[in-house]
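Participant: Sequence:
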Amino acid sequence: MQLTLTIENFTNLPDGGPLRYTVTGARGLDIGRAQYLDWTLPDPERHISSKHCEIRHEYGDYLLYDVSTNGVFVNGSENRTQSPYRLSDGDRLVIGQYIIAVRVEKNANRDSDAVSPDFMHQAAVYDDLWRPEGATPPPISPKDTRPMEAAAIVHGDWLDRPADLPTPSSAPRNDIEQWIAPPPALDLPPETPPAPTPRRPSMPETEEFWLDSPPIKADVASAASMEATPSPHEATATPTAAPVAELQIAEPAFAAFLSAFAAASGAPTGPLSQQGPEELGRQLGGLVRSLASEMKLLLDARSETKRVTRSAQQTTIQLESNNPLKFSPSVDDAMRLMFGPSTRSYLGAEEAFAQGFFDLKQHQVRTFAAMQQAMRIIAEEFDPAGIDKAAEKGGGLFKTARKARLWELYETRWKAMTARHDGGLVGVFMRHFSDCYDKS
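According to full-length UniProt numbering, the sequence shown is numbered sequentially starting from 1.
Hint data in this document are derived by calculation from the structure and do not stem from the laboratory. Check before you lean on any hint, since a few could be wrong.
Said to hold, decoys possible - For lysine-lysine, the following DSSO-like pairs were computed, each having C-alpha atoms within a straight-line distance of at most 27 Å: (1) Lys296 <-> Lys403; (2) Lys403 <-> Lys415; (3) Lys361 <-> Lys326; (4) Lys326 <-> Lys439; (5) Lys306 <-> Lys439; (6) Lys306 <-> Lys389; (7) Lys326 <-> Lys296.
As the list claims (entries may be wrong) - Pair ranges (Cβ atoms, derived): (8) Gly266 <-> Glu304: 44 to 50 Å; (9) Asp383 <-> Arg92: 39 to 45 Å; (10) Ala301 <-> Trp414: 29 to 35 Å; (11) Gln275 <-> Thr305: 39 to 45 Å; (12) Gln283 <-> Glu251: 17 to 23 Å; (13) Lys51 <-> Thr305: 29 to 35 Å; (14) Glu381 <-> Gly348: 22 to 28 Å.
The beta-carbon is built from N, C-alpha and C at its ideal position, and this holds for glycine as well.
Kindly produce the complete structure, drawing on both the sequences and the hints.
Facilitator: Here's what the structure looks like:
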């Protein structure tokens, strides 16, 4: 039995640890933030406990025991799992910011648990070789110890044909040279090329002429008067047309790319067609990377603002449709996720950018509205009309005593408002801002 856990939403870990962990047989493992555990999941924000969960092999299954503070969530459930939980093939665990796929193989090869019968049989055979017990083997026959005689050569007309004897002038060669040296060339008469005719002009005897050189119009009358015929190498000296063919293939593809790009972006094709494919590719690639980098910085600043103001609306990672620009450790990881193979866990490039711009626009509108509401609440607390109305409840007072009473009410309200916050009036404003931001 084998259990494999794989992190799906990260391409690498900050500490360089493994993205996959496998256990076999009755082994278990401990998962958490601590470095001494079997599988360490880095978490600077400490959402993951030092020892978050334990996995044990019990009753023929792998059972998960949640020992964390923030819990382990299974298959998109909003409630933390109840321990023990039996892991099944295809489960997805959410531990902090990590989405972990579960793979359980019931019939995994267990080489360490059992020994194959073939190996046991072979071991028994080896033991029998060295075992002293048993009957003494019979003596070896003397005729078996005599060397074998060379096998007689069978002579036949079809098997042993007489070889050509070397001439007296040729030096004898040893056996090695006879094996290595190539067979002698046969003295065959040279092949006479066919006479040229009007329908069959004379052509060079190389195949390169057919591949590399352009067709030549042969003039039989002028060919007869020529004193020298150019060699095949001279005939094939013309440059090949491979680069021209590649350019002809690339031009329609580049034109189709420009047409599709202009139709999708609304840009004119005239200025774009004046640039080469490589130059335009570098320009568009740099533009997309710069856009992704700046978008990620703005989304990170938005998340940090919500954290500082203690907003209740925090973006958390989900099982599906996560934005790579929000949850990727770096721009390189975001680019790989957006433009790589499509997955259920992350959005593509078009959807990721559209969601990012929408979230930034909503953040600006909600920030402006929350600032207005927070300032209005604070202004109402210290409105002179409200303080004067509260002073009238104390009955008729002289003018001097009335001013003292108003100041006393002002100080009371100020202390009551700012005493609950370390930042004074700024802390009061941030509390009202956070409440108004969540309600907007």
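Participant: Taking each numbered hint in turn, which are not upheld by the structure, reported in ascending numerical order?
Facilitator: 1, 6, 8, 9, 14
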